[in-house]
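Student: Just need the whole structure built from these sequences, with the hints factored in.
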Amino acid sequence: MIFEKVLNKWILFFLFLIPVLGFIFEEYYYITLTTKVVILGIAGIGLNLALGYCGLISFGHAAFFGLGGYVTGIISYHAMNSELIFSWPFIVSGSSDMLVIWPIAILSSAFLALIIGLLSLRTTGVYFIMITLAFAQMLYFFAISWPSYGGEDGLSIYMRNSLPFVDTMDPLTFYFICLFWLLVVIFISAKLINSSFGMAFQAIKQNEERVKSVGIETFKVKLLVFVISGTITGLAGSLYTDLNRFISPSVLNWQMSGEIMVFVILGGIARLYGPLVGAAFFIVLEQTLGSYTENWQFWLGLILILEILYVRSGILSLFEKKLKYEK
Amino acid sequence: MKNKILNIKNLSKSYGAFKVTDEITIDLYFDEIHALIGPNGAGKSTLIKQIVGSEKHDIGSIILDQEDITDLTDIERAKIGISRTFQVSSIIPQFSAIDNIILSLLDKSNKTFEMFKSVRNNQELYLNAKKILIEIELIEKSNISASDLSHGDRRKLEVGLALAMDPKVFLFDEPMAGLDERGTKMMINLFKKIKSDSPILLIEHDMDAVFALADRVSVINYGKIVATGTVNEIRQNELVRDVYLGYEI
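Same order as they appear, the protein sequences are chains W and D. Residues 108 to 434, numbered by this note's numbering, are exactly what the first sequence covers, in order. Residues 2 to 250, numbered by this note's numbering, are exactly what the second sequence covers, in order.
Bear in mind the hints are in silico, worked out from the structure with no lab data behind them. Source: prediction; values computed, not measured. One or more hints might be untrue.
[Claimed, not checked] Derived pair list, reagent style EDC-like, types lysine to aspartate or glutamate, alpha-carbon separation capped at 20 Å: (1) Lys-10/D with Asp-66/D; (2) Lys-109/D with Glu-134/W; (3) Lys-327/W with Asp-69/D; (4) Lys-80/D with Glu-324/W; (5) Lys-57/D with Glu-316/W; (6) Lys-131/D with Asp-149/D; (7) Lys-5/D with Asp-66/D; (8) Lys-169/D with Asp-209/D; (9) Lys-57/D with Glu-68/D; (10) Lys-194/D with Asp-216/D; (11) Lys-312/W with Asp-149/D; (12) Lys-196/D with Glu-33/D; (13) Lys-312/W with Asp-75/D; (14) Lys-109/D with Asp-75/D; (15) Lys-298/W with Glu-56/D; (16) Lys-80/D with Glu-316/W; (17) Lys-131/D with Asp-167/D; (18) Lys-112/D with Glu-315/W; (19) Lys-327/W with Asp-75/D; (20) Lys-142/D with Asp-181/D; (21) Lys-57/D with Asp-69/D; (22) Lys-57/D with Glu-393/W; (23) Lys-196/D with Asp-167/D; (24) Lys-109/D with Glu-324/W; (25) Lys-312/W with Asp-108/D; (26) Lys-327/W with Asp-216/D; (27) Lys-169/D with Asp-149/D; (28) Lys-80/D with Glu-315/W; (29) Lys-312/W with Glu-115/D; (30) Lys-109/D with Glu-401/W; (31) Lys-57/D with Glu-133/W; (32) Lys-196/D with Glu-56/D; (33) Lys-112/D with Glu-324/W; (34) Lys-327/W with Glu-115/D; (35) Lys-186/D with Asp-149/D; (36) Lys-196/D with Asp-209/D; (37) Lys-5/D with Asp-198/D; (38) Lys-109/D with Glu-77/D.
Tutor: What follows is the structure, encoded as structure tokens:
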């Protein structure tokens, strides 16, 4: 545990260092890249709560990521065009204020997670995987066939949404906004994991029958974890739309769910910072391998196979072993 | 006359033509240890599963402390006071012994949904868990991962998990299996001590332990209760001798 804490401090140090260096040397590309790592890391931390700590293998977290993204995109699209979102039964206009958009994106994702959770958590194992996948795919095909918001081509919002007294268009400023959210999400996750509630959902992963036998309502616990998990991933989706100033149905596709799952597995299942490291590793691979070959996913697949065969506890465990050895 | 805390009436369950439990009627009185014995496959553990609600029965009723709990779920039954141990140790393997006990204390202390307070800083839970670990003689191993405990220690931990729930009745499924002599003695003393607060329905193959502990004994065979009585009555019952053909009881 001590080694993991040391590692986590190093990770945070690099998260501060890299963008600042990018700013000093005017390499803004690296700031954007690190922002992407942070946002996808948030999505992964969300999934990790359900998958890593509670054993809920959701293959549909793209639904929350995409919904958070689309809610952000749609609200700011209407603000940009000065159009009402709807005028009946009451008037709702768009907004480009992040303080308005974030709560709506978060609540929408939470509500969707509640609906999907209520239906899917009645199943287990492969059925749970399939039903969560089915929900995400439903949303994906809905987004494709919704021309009002770009359909298959997606939706551009041109200007990043705003925050009072802050220039969100500045890459470093936007990075620190995302980093702030990452630290909030890590703080909340750490609190949850160490709480009584965390004890209950981590026990469910290991032996649900035993947890039931001591009178704990496992369905409620799992549902709550699923909702929190989906909400965090939805927040990441909202930030992702602002990063790219664009949202398309691709973020709702099963491939996105798979990628978020890969972040968790690569970094280390049930490790607080694991998905962040996984996302960083994934993006570095995407960038480096992608510059050599179009088929970089093939090599990623190979690395993933090797990792699952030889380093099941994720990349973080490698550093942990090294630290132990050095000590 | 003593009052009944648990009253099971005509509990039956069939898989096609095969009757797993066949019109089982069995009582548990306050301040009593009622042992349920029978050969392997007789239906003892199935009966336990039906009482706790993890397996549904076809007909029959279960009354706990004058409340009909027949239609309650397994979790609801656990909440209102049925606590069990499993035939094969069922613990949380990656939790320490003390964390296993704390898990069992959560529901009773309304702490399951407490989200932002560290469970490890909750002195009340820790002190209660330690008391139970002392009682089951596992305090020295409180921080050892449950998966690293010996078989006997896991059996003790199982009982500790049941004790932590402070239930109305205990259903113990072979709690002494695999325990050494000292462990068995500890369990016998513990069960004698706790039965006045929460009576025990005990499934056990260790006949010495059964006869040392039980106030009454029921014998089950092919899913049917074939005899109920005091230890002496059961020892002398011809039918029981047939069930246990070749075994000295």
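Student: Evaluate each hint against the coordinates.
Tutor: We went through each hint and held it up to the structure:
| no. | hint | in the structure |
| --- | --- | --- |
| 1 | Lys-10/D with Asp-66/D | holds, 14 Å |
| 2 | Lys-109/D with Glu-134/W | violated, 57 Å |
| 3 | Lys-327/W with Asp-69/D | violated, 25 Å |
| 4 | Lys-80/D with Glu-324/W | holds, 9 Å |
| 5 | Lys-57/D with Glu-316/W | holds, 15 Å |
| 6 | Lys-131/D with Asp-149/D | holds, 19 Å |
| 7 | Lys-5/D with Asp-66/D | holds, 7 Å |
| 8 | Lys-169/D with Asp-209/D | violated, 26 Å |
| 9 | Lys-57/D with Glu-68/D | holds, 18 Å |
| 10 | Lys-194/D with Asp-216/D | holds, 14 Å |
| 11 | Lys-312/W with Asp-149/D | holds, 19 Å |
| 12 | Lys-196/D with Glu-33/D | holds, 6 Å |
| 13 | Lys-312/W with Asp-75/D | holds, 19 Å |
| 14 | Lys-109/D with Asp-75/D | holds, 16 Å |
| 15 | Lys-298/W with Glu-56/D | violated, 36 Å |
| 16 | Lys-80/D with Glu-316/W | holds, 14 Å |
| 17 | Lys-131/D with Asp-167/D | holds, 15 Å |
| 18 | Lys-112/D with Glu-315/W | holds, 18 Å |
| 19 | Lys-327/W with Asp-75/D | holds, 14 Å |
| 20 | Lys-142/D with Asp-181/D | holds, 17 Å |
| 21 | Lys-57/D with Asp-69/D | holds, 15 Å |
| 22 | Lys-57/D with Glu-393/W | violated, 53 Å |
| 23 | Lys-196/D with Asp-167/D | holds, 12 Å |
| 24 | Lys-109/D with Glu-324/W | holds, 12 Å |
| 25 | Lys-312/W with Asp-108/D | holds, 18 Å |
| 26 | Lys-327/W with Asp-216/D | violated, 40 Å |
| 27 | Lys-169/D with Asp-149/D | violated, 31 Å |
| 28 | Lys-80/D with Glu-315/W | holds, 16 Å |
| 29 | Lys-312/W with Glu-115/D | holds, 18 Å |
| 30 | Lys-109/D with Glu-401/W | violated, 58 Å |
| 31 | Lys-57/D with Glu-133/W | violated, 68 Å |
| 32 | Lys-196/D with Glu-56/D | violated, 26 Å |
| 33 | Lys-112/D with Glu-324/W | holds, 12 Å |
| 34 | Lys-327/W with Glu-115/D | holds, 13 Å |
| 35 | Lys-186/D with Asp-149/D | violated, 23 Å |
| 36 | Lys-196/D with Asp-209/D | holds, 18 Å |
| 37 | Lys-5/D with Asp-198/D | holds, 14 Å |
| 38 | Lys-109/D with Glu-77/D | holds, 12 Å |
Against the hints set out earlier in the document, violations occur for numbers 2, 3, 8, 15, 22, 26, 27, 30, 31, 32 and 35.
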